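K.L.:
The residues making up each chain are set out below.
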Amino acid sequence: MTSYESFSGLVLHRLLAIACTLLLGTVPVAAQEIDLLLKGGHLLDPKNGINEPMDLAISGKTILKVEKDIPASSAKKTLDLSGLYITPGLLDMHVHVFHGTNTESYIADALTSLPPDGFTFRSGVTTVVDAGSSGWRNFRQFKEQTIDRSQTRVLALLNIVGTGMYGRFEEQNVMDMNPTMTAHMINRLFPEILVGIKSAHYWGDFTQVDIAVEAGNLANVPVMVDFGEHQPPNSIEALFMQHLRPGDIFTHTFSYGPNNRETVVDENLKVKPFVFEAQERGIRFDVGHGGGAFSFRQAIPAIEQGFLPDVISSDLHKDSMNGGFKDMANLLSKFMNMGLSLEEVILRATWNPAQVIHREDLGNLDPGSEADIAVFRLVEGDFGFQDIRRTRIDGTQRLETELTLRAGRIVWDLNGINAPHWETEISNR
Amino acid sequence: MKNLCLLILGFAFCLPLSAQEFDILIQRAYLVDAKNKIQDTMNVGIADGKIALVARTIPSEKAKKVINASGLILSPGLIDIHTHVFVGSKASTFADGFSSVSPDDFTFRSGITTVVDAGTSGWRNFETFKKNVIDASHTRVLAFLNIAGSGMSGHPTQENLQDMDPEKALEMLQRYPDILVGIKIGHFTGPEWHPFENALVASGKVQKPLLVECHLPRYTLAEQLEKMRPGDILTHSFEEIDERMPIVDEKGQLRPFVLAAYERGVHFDVGHGGAGFWFSQAIPALRQGLKPHTFGTDLHRFSMNSGMKNMLNVMSKFMAMGMELEAVIQRASWQAAQVIQRPDLGHLTEGAVADLTLLKLLEGDFGFVDAGGNRIKGKHKLETELTIKGGKVVYDLNGLAAKNYNYQ
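As given, the protein sequences belong to chains W and P, one line each in that order.
Here the working numbering is used: the first residue of the first sequence is 64, the next is one more, and so on.
Here the working numbering is used: the first residue of the second sequence is 3, the next is one more, and so on.
These are calculated hints, taken from the structure and not from any lab test.
Hints should not be assumed to be uniformly reliable.
Said to hold, decoys possible - Straight line, CA to CA, 25 Å or less: simulated SDA-like cross-link-like pairs of lysine to any residue:
no., chain 1, residue 1, chain 2, residue 2
1, P, LYS394, W, PHE446
2, P, LYS362, P, LEU163
3, W, LYS128, W, THR166
4, P, LYS132, W, GLY181
5, P, LYS379, W, HIS293
6, P, LYS132, W, THR175
7, P, LYS362, W, ALA135
8, P, LYS362, P, MET325
9, P, LYS379, W, VAL474
10, P, LYS92, W, LYS131
11, P, LYS362, W, ASP445
12, P, LYS37, P, ARG344
13, P, LYS362, P, VAL395
14, W, LYS333, W, HIS293
15, P, LYS405, W, ILE366
16, P, LYS92, P, LEU163
17, P, LYS379, W, ASN481
Keep in mind that this is a model prediction, so the values were computed, not measured.
Modelling step: build the complete structure from the supplied sequences, incorporating the hints.
P.N.:
This is how it looks when you write it as structure tokens:
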């Protein structure tokens, strides 16, 4: 078969598919049945300014409506969520999930990356954004190996380095930083998955950031910068005010390693004035907690002085998962115990990151959007939260993930809210 | 003579006493150590990665780091004898595939320090498993070797009779005696018995157990149990599927030949998995006297987010069915170690490797789910507070071992 024939075949297929959709599409629209009703919960949807008791109805894969007092009689199935919080499924904007067994590599196709599904649903996350584990050369492998096989929605920032995070030395190779190919991958080949560009782990001057921004301009997407390995450190003021554009992202915001990364809070625990200006200019500040990038001595003074991160994300990988980070529910709880409200932390893990990556279809509970939903219990007690320096703060609140839905389907159910008592199964025989 | 002894003792204690003797000291924990028959409030000192002292009181000054564990339960590091952790990038398979999971992602956060892979690899690919996962994990990873040469590589490779070579399997068991704890037979749809016989032979030659899975539809349960020796392990004990006769019959009675095998010394593992655990089997079986020996989770991609969730959830589920705290801890530690013939693990005897976990017994209204999506309620749930492997803190939920943050 010539390529022309296969192309025309493809077009025919698509036309048929569209015709079928048009014909069949009318049927479910007319029915509009409520398959699942989440009733009695306190609904938090920062995009729509909702923070009050509200019921949510799901039809198939999508949210049908959010209203007060939707009658249980109108739904095929109703879950009583009294005492619980309903939020959009969390969007973790910084993870490493290009898992594989290439022992030569460290993050790309390697063991430092984690298969996402074991971490996401159990902490209320329904979408993750891989932060540059792959570059244009190995993204297809990442897609085939992880993205296409995961239940979690996996989006990605493409590394400006062609081989992604293969090794620290490869990441210095300016010859492999190709803005044209990077932009083609994002705009032409995988626009549904690739939401931006990552610049990371570069030891030199601003060269890598500038090439990433060049690619960002070509593809019209944001650039995320991990600016951590310069000795002496490069100026973050120059990064924020001269090299990055409004909408670009600075990650590892509360990292404290002054020898190779300039900090946002100075040694007298004062937020540097240009940091506020940068945030006003539109630079987006991401937590990217990780195994080495979150210190209370940065975060606590910053929050007290009114500098809040735009996005709370995990930097999930093998060396962060069992440390101070643990999971997104724990990380959000940590920020609540540093003074943020529940609504403020949910905003920073739903609607804010959705806007930062220009995926406004996500991170909200609009009727018509895909039913990605988290249900949390706010547990009261005596808890402790750690940073990466093994210092602790005490706290009284912790979020626990009771239920997670991905596209209308229950993918995590901690206490079996959705399950009947076992003896009903026997009696139904 | 007595004085001389005291003198020697005093001398022996002199040297360490002058400095801080313990790297970590855990104080006031409720210790459950089945091997040493301890169920009491104790202090435990750890030095050089080993248990150095277990005593009623050990002064704080003797340790570099003190963990106040009052109100918490101290258990030997838990042992999950049924997991699938030969993770890799192959689609739709367990061996070197995406259907397996990475052990460290799940272990320490649920108090586990040792997992046993249940035959995901066979003699052809065990060494790949060792290089890619076992050697690269912080968790101690042991394994049952599948009698099928390429382990759980899917059909039709795992049906290949020629590949179920007892000599090759034996060779591997002898080459890696510290990792391989036995043989597994799991997935075979033919009527021939010689794969089962081969598995018995290979494990018998090194006197290690055979682990028997449930996907052997042409063998009857009675015949399998009859061929199994004391010490061999039946897993998915409370499964209710077509591929194997359930141990409890339609009237809710435990089958007499099952009870006979149990009494004869065949071990019964939970092997919860996504489909391997049903209340309609477990509740009647427990009532009629068959308690599982071990709480293998059958952790893999399709069980991790199901009713299984993690080993502590499985243990809490058995508590909700009426088992005592001490009994579940015993099964998850010392008894599991005995079943896999690793008496060096699963206890906190002085000199043993310092693998241990501090657990909190939460009170509240909890629910537990089986493979059929049915729920029971419970008032208790175990939560991991802290896990130590080889004397190092590897998980610390609330920062028990951390310093308080202070402003400068």
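K.L.:
Is it true that the CA of LYS132 of chain P sits at most 25 Å from the CA of THR175 of chain W?
P.N.:
holds, 17 Å
K.L.:
Within 25 Å, alpha carbon to alpha carbon, are LYS132 of chain P and GLY181 of chain W?
P.N.:
holds, 22 Å
K.L.:
Does LYS131 of chain W lie within 25 Å of LYS92 of chain P when you go C-alpha to C-alpha?
P.N.:
violated, 47 Å
K.L.:
Next pair to validate is LYS333 of chain W with HIS293 of chain W; report whether the Cα-Cα distance is within 25 Å.
P.N.:
The given pair, whose Cα atoms are some 23 Å apart, holds under the 25 Å limit.
K.L.:
Under the criterion that the straight-line Cα-Cα distance not exceed 25 Å, is the pair LYS37 of chain P, ARG344 of chain P satisfied?
P.N.:
holds, 13 Å
K.L.:
Please verify whether LYS362 of chain P and ALA135 of chain W have alpha carbons no more than 25 Å apart.
P.N.:
violated, 38 Å
K.L.:
If you draw a straight line from the CA of LYS128 of chain W to the CA of THR166 of chain W, is it 25 Å or shorter?
P.N.:
violated, 49 Å
K.L.:
If you draw a straight line from the CA of LYS379 of chain P to the CA of VAL474 of chain W, is it 25 Å or shorter?
P.N.:
Holds, at roughly 20 Å.
K.L.:
Need the status of pair LYS394 of chain P, PHE446 of chain W: alpha-carbon distance at most 25 Å?
P.N.:
Satisfied, since the Cα-Cα distance of roughly 22 Å is no more than 25 Å.
K.L.:
Check the hint pairing LYS362 of chain P with VAL395 of chain P against an upper bound of 25 Å on the C-alpha distance.
P.N.:
With Cα atoms ~17 Å apart, LYS362 of chain P and VAL395 of chain P stay inside 25 Å; holds.
K.L.:
Within 25 Å, alpha carbon to alpha carbon, are LYS379 of chain P and ASN481 of chain W?
P.N.:
At roughly 13 Å apart (the allowed maximum being 25 Å), ASN481 of chain W and LYS379 of chain P satisfy the hint.
K.L.:
Between the alpha carbons of LYS362 of chain P and LEU163 of chain P, is the straight-line distance 25 Å or under?
P.N.:
violated, 48 Å
Of the numbered hints given earlier, the model fails hints 2, 3, 5, 7 and 10; all others are met.
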